[in-house]
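Novice: Protein chains in written order, with numbering that gives the first Met the number 0: chain A, 0 to 253; chain B, 0 to 298; chain C, 0 to 342.
Be careful, since some hints might not be right.
[Unchecked claim] Listed next, the stretches of chain B that the computed footprint assigns to chain C, with coverage defined by at least 3 CB atoms under 8 Å from CB atoms of chain C:
#1 168-180
#2 210-217
#3 272-279
[Said to hold, decoys possible] Derived lysine to any residue pairs resembling SDA-like cross-links, with alpha carbons at most 20 Å apart:
#4 C:K204 x A:T54
#5 C:K204 x B:L283
#6 C:K136 x B:F168
#7 C:K204 x A:F52
#8 B:K30 x B:F168
#9 C:K321 x A:D70
#10 C:K204 x A:A69
#11 B:K30 x C:K136
#12 C:K204 x A:D70
#13 C:K204 x A:Q72
#14 C:K204 x B:S270
#15 C:K204 x A:P71
Hints listed in this document are in silico derivations from the structure and should not be mistaken for laboratory results. Think of the CB as a built atom: it goes at the ideal place given N, C-alpha and C, for glycine as much as any other residue.
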Amino acid sequence: MSALLSIDGITVRFGGLVAVDNFSMDVEEGRIHALIGPNGAGKSTVFNCISRFTTPAAGDVRFAGESLLADPQYAIAKRGVARTFQNIELLQRLTVLENVLVGMSSRVPGYFPLLPGARRRRIEREAVDAADEVLALTGLTGYRDTLAGDLDFGHQKLLDVARALSAKPRLLLLDEPAAGLRNREIAQVDKLLGELTARGMTIVLVEHVMQLVMSVAQKITVLSFGRKIAEGAPAEVRANPEVIEAYLGKRAHA
Amino acid sequence: MSTIIVQAVVSGIVTGCIYALVALSLVIIFKTTDVVNFGGGEFVMVGSFLALFALVYLGVGYALALLLAAVAMFALGVTFDAVTMNRIGGRLYTRQTELVPTIVATIGLSYLLKGIVRVVPYTEEPRRIPPLFNAPPIFVGDVVIQAQDVVIVVATTLIMIGLWAFFRFTMAGRALRAISQNARAACLSGMPVRTLRMVVWGLSAGIAAVAGVLFAPKLLITPDSGTLVMFAFAAAIVGGFTSLPGCVVGGIVLGVTQNLVGVLIAPQAISVTPFFIIMVVLLLRPQGLFGDAIALKKV
Amino acid sequence: MFGSPTLRQLAPLLALVLGALALQQLLPQYFLYVGNLLMMYVILVIGLDLLIGWSGQFAFAHIAFFGIGIYATTILGTRYDLPFLIAMPVAAMLAGAVGFLIAFPATRLRAVYLALATFAFAECAQWVARTWDSVTKGADGLQIPPTSILGYAVGNDQHAFPVVAIILALVLAATLYLQRSRFARSMSAIRESEHVASASGIDVKRVKILSFTLSAIYAGVAGGVYTLFNSFVNPDILGVAQLVLVLTMLVVGGSGSIAGCVLGAVLIGILPEVLRAAPRSMLVWQEFFYGLILVLAIMFMPRGFFGAWQAWRDRARHAADKRDAQASQDTRLRAKASTEASS
Numbered sequence: 000m001s002a003l004l005s006i007d008g009i010t011v012r013f014g015g016l017v018a019v020d021n022f023s024m025d026v027e028e029g030r031i032h033a034l035i036g037p038n039g040a041g042k043s044t045v046f047n048c049i050s051r052f053t054t055p056a057a058g059d060v061r062f063a064g065e066s067l068l069a070d071p072q073y074a075i076a077k078r079g080v081a082r083t084f085q086n087i088e089l090l091q092r093l094t095v096l097e098n099v100l101v102g103m104s105s106r107v108p109g110y111f112p113l114l115p116g117a118r119r120r121r122i123e124r125e126a127v128d129a130a131d132e133v134l135a136l137t138g139l140t141g142y143r144d145t146l147a148g149d150l151d152f153g154h155q156k157l158l159d160v161a162r163a164l165s166a167k168p169r170l171l172l173l174d175e176p177a178a179g180l181r182n183r184e185i186a187q188v189d190k191l192l193g194e195l196t197a198r199g200m201t202i203v204l205v206e207h208v209m210q211l212v213m214s215v216a217q218k219i220t221v222l223s224f225g226r227k228i229a230e231g232a233p234a235e236v237r238a239n240p241e242v243i244e245a246y247l248g249k250r251a252h253a
Numbered sequence: 000m001s002t003i004i005v006q007a008v009v010s011g012i013v014t015g016c017i018y019a020l021v022a023l024s025l026v027i028i029f030k031t032t033d034v035v036n037f038g039g040g041e042f043v044m045v046g047s048f049l050a051l052f053a054l055v056y057l058g059v060g061y062a063l064a065l066l067l068a069a070v071a072m073f074a075l076g077v078t079f080d081a082v083t084m085n086r087i088g089g090r091l092y093t094r095q096t097e098l099v100p101t102i103v104a105t106i107g108l109s110y111l112l113k114g115i116v117r118v119v120p121y122t123e124e125p126r127r128i129p130p131l132f133n134a135p136p137i138f139v140g141d142v143v144i145q146a147q148d149v150v151i152v153v154a155t156t157l158i159m160i161g162l163w164a165f166f167r168f169t170m171a172g173r174a175l176r177a178i179s180q181n182a183r184a185a186c187l188s189g190m191p192v193r194t195l196r197m198v199v200w201g202l203s204a205g206i207a208a209v210a211g212v213l214f215a216p217k218l219l220i221t222p223d224s225g226t227l228v229m230f231a232f233a234a235a236i237v238g239g240f241t242s243l244p245g246c247v248v249g250g251i252v253l254g255v256t257q258n259l260v261g262v263l264i265a266p267q268a269i270s271v272t273p274f275f276i277i278m279v280v281l282l283l284r285p286q287g288l289f290g291d292a293i294a295l296k297k298v
Numbered sequence: 000m001f002g003s004p005t006l007r008q009l010a011p012l013l014a015l016v017l018g019a020l021a022l023q024q025l026l027p028q029y030f031l032y033v034g035n036l037l038m039m040y041v042i043l044v045i046g047l048d049l050l051i052g053w054s055g056q057f058a059f060a061h062i063a064f065f066g067i068g069i070y071a072t073t074i075l076g077t078r079y080d081l082p083f084l085i086a087m088p089v090a091a092m093l094a095g096a097v098g099f100l101i102a103f104p105a106t107r108l109r110a111v112y113l114a115l116a117t118f119a120f121a122e123c124a125q126w127v128a129r130t131w132d133s134v135t136k137g138a139d140g141l142q143i144p145p146t147s148i149l150g151y152a153v154g155n156d157q158h159a160f161p162v163v164a165i166i167l168a169l170v171l172a173a174t175l176y177l178q179r180s181r182f183a184r185s186m187s188a189i190r191e192s193e194h195v196a197s198a199s200g201i202d203v204k205r206v207k208i209l210s211f212t213l214s215a216i217y218a219g220v221a222g223g224v225y226t227l228f229n230s231f232v233n234p235d236i237l238g239v240a241q242l243v244l245v246l247t248m249l250v251v252g253g254s255g256s257i258a259g260c261v262l263g264a265v266l267i268g269i270l271p272e273v274l275r276a277a278p279r280s281m282l283v284w285q286e287f288f289y290g291l292i293l294v295l296a297i298m299f300m301p302r303g304f305f306g307a308w309q310a311w312r313d314r315a316r317h318a319a320d321k322r323d324a325q326a327s328q329d330t331r332l333r334a335k336a337s338t339e340a341s342s
């Protein structure tokens, strides 16, 4: 089976600092692939390369066989790649429903209000129906008309995921969806990710909450100081001495 | 080079020093609070009127008038920050969308000050402050330098050095630099951010008043004199908008350019010079000559 | 909330036009002049709101486009003998084209730099109007001759009144349509977060450029309207004072809503007339009042009168809901208590 996303030897430098160093990783279709590592290891930078918020100095990012690096940022969604943000970014003064509708921008036609009324209404109706479906899936239906800025932290995190989901992506990039959540909420995210894979979605997950990573990921890649130090099934990675060292430091390992 | 051009450059440097002072008053606020003070020109204008009132009505000496004006403006700056910016300030310093209220507030300030001065009967006619010294002009070859010009350059240099020392060596100055790096962290580490911001506004208004008093003898003052602020904006932008030395260089570049435009192109093009410079610099090199590269927000 | 505006929303526009036709005969010239002025300001403010309130771009060039609208309509009418119905749309398109062109470099700038660059542009435009003698007659200004629309002569405020009302009604209708479009949603998305908008597939640069263009077209239309009830224009119309006036209207009324813009334009637009009508003319206090109003509004009503009213209404509604819930709970408890007592 060929990879849906393949990252091939990317390097990113900020000034003199090498944030990501010749990093490669293949994500197979229908899997949850976790990307973990200590703070500052370069996980978000890898995400930013895939979603075109950063351009690597070297290497390539291919999605479904085609390079993403020639695309402008906004075209990535249309290709079928959606992302969430580590420090919740929401459209604060729009409602939950509107946030989700904005998330669909890449796949709903009609930019200007020049279409005849009936056709425009039909398109909008379909969009709203699809949005309601996503809200139901993420458990946000009850907050449909609440302003995003008024939601509590856990629901804001979910809304970020809902917005990304509404684009019906083939590949979903989740940047720490469980950070700061309570156990009950983490269980909710766990369940949601399970449902998404059941629907055949491919997910790349950056996360520090190991309980979630170990529970949902089929494959884990470990990044430290911008380099890949381990890759494999959860059990293998957990037992890898280099990984333990990267997380806990040399002495703890010895 | 003909004498006329040398003369234009020399007096451009002097005018540039005034622009630099006003630019400094704008930049110290922007650096530490992310607020662009569109009322900065009115600080200058009110400052020079206050000095004039002190000279005419209180009959005090020149130095005392300057001091009174600076102190009064310091108080005004502190008050404005404490009353207005503080109230709308809780929502800013982090988010780009909150730019509008701060700019609107300072535009309001500018109109408020201009409006108050306008209804004071004394301001109906353009006024002039007598020069600081009535010393005879100095001749260097064919180039004339007024005594007042020397005072302006010396005062600008002193204020620049003073500010540099303030930011470098005093606790308050260091704290302000920390705030400009990261306001939230500064706040969390227990710095009196609130008070320091008021001090910055006060300092800014005080410097503006000094600029106003120094400049007033060279031109008439009216309630509309605040438009001078556009030259200061241009100077600050040339200098990068966050750099103190940048203000001085920018001010001088602007003063000289303005005079050369007057001599070499056409006098009526002088008024458009600062705007033209602002547009060109922002389009070609938004970070100016000395500014930090404009960092994108981290995702 | 999507699709076409409802009839209930379009009805007031029809009322506006019919009302203007009726009032045209009843009101004295002076009131008609103020009416025309206010209607023109509404168009101008809504145009500015598209940029500031809807897409969050704090740009200051608006008044330049207004000036382009006035000068272009006048010059096309006098020099090229174009009728108003052609001259005004062409002028508006011209304003839009200039807006489009400056949007390219302007959208690269962020926040405060955008404000300063566009402010500088507006000042440059005023300077051009003042120095381009052969076209604008410089500081002397241009005479605006009376015009006619499809044989209907527009020579004074009375004639212009219903025409201005019709143009305003059309502009409002167009804005209602725009408000319900996906494009409006894209504009709010980039206002709230460019990162999210971009990651969601919105071409941020394109939306910004289109907002600039649209906003400039609105200002150009307002400029065309100006020529209907004024007989003279000079470069002062392009000054900072006009810009601050329009900005005050937006802030006081409440950006982000059509009703707020209308409210702001009327409240602030009428102020000079009120000051002038005071026993001893207080026109000299005008700047002071604008400044005071701006500062107080931004301190106490950051979302304008309309925003404050909305917040008050929401609170009232919320309180009412709470009362109802409390009341129904009380009845339940009482019912429970009575059943327990009887048993």
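Novice: State for each hint whether it applies.
Specialist: Now for the hints, and whether the structure bears them out:
Counting residues of the segment 168-180 of chain B whose CB falls under 8 Å from any CB of chain C gives 0; the rule of at least 3 is not met. Coverage of the segment 210-217 of chain B by chain C is violated [criterion: at least 3 residues with CB-CB distance below 8 Å; count 0]. Residues of the segment 272-279 of chain B lying with their CB closer than 8 Å to a CB of chain C number 5, which satisfies the three-residue condition for coverage. For the suggested pair C:K204 and A:T54, the alpha carbons sit about 18 Å apart, so the restraint of at most 20 Å is met.
Straight-line distance between C-alpha atoms of C:K204 and B:L283 comes to about 18 Å, which keeps the hinted pair within the 20 Å bound. Restraint check: the Cα-Cα separation between C:K136 and B:F168 comes to about 57 Å, which exceeds 20 Å; the hinted pair is violated. Annotation: proposed proximity of C:K204 to A:F52 holds, straight-line Cα distance about 15 Å (limit 20 Å). Using a Cα cut-off of 20 Å, the hinted pair B:K30 and B:F168 holds, with the two alpha carbons roughly 18 Å apart.
Pair hint C:K321 plus A:D70 does not hold up; C-alpha atoms about 51 Å apart against a cutoff of 20 Å. Of the pairs offered as hints, the one joining C:K204 and A:A69 holds, with about 17 Å between alpha carbons and a cut-off of 20 Å not exceeded. Distance restraint check for B:K30 and C:K136: the Cα-Cα separation of roughly 43 Å exceeds the 20 Å cut-off, and the hinted pair is therefore not satisfied. Between C:K204 and A:D70 the alpha-carbon distance is near 14 Å, which keeps this suggested pair within the 20 Å criterion.
Taking the CA atoms of C:K204 and A:Q72, the gap is about 11 Å. The hint holds against a cut of 20 Å. For the hint linking C:K204 to B:S270, the alpha-carbon distance of about 33 Å lies beyond 20 Å, and the restraint is violated. Straight-line distance between C-alpha atoms of C:K204 and A:P71 comes to about 11 Å, which keeps the hinted pair within the 20 Å bound.
Violated hints, in rising order: 1, 2, 6, 9, 11 and 14; the structure is consistent with all others.
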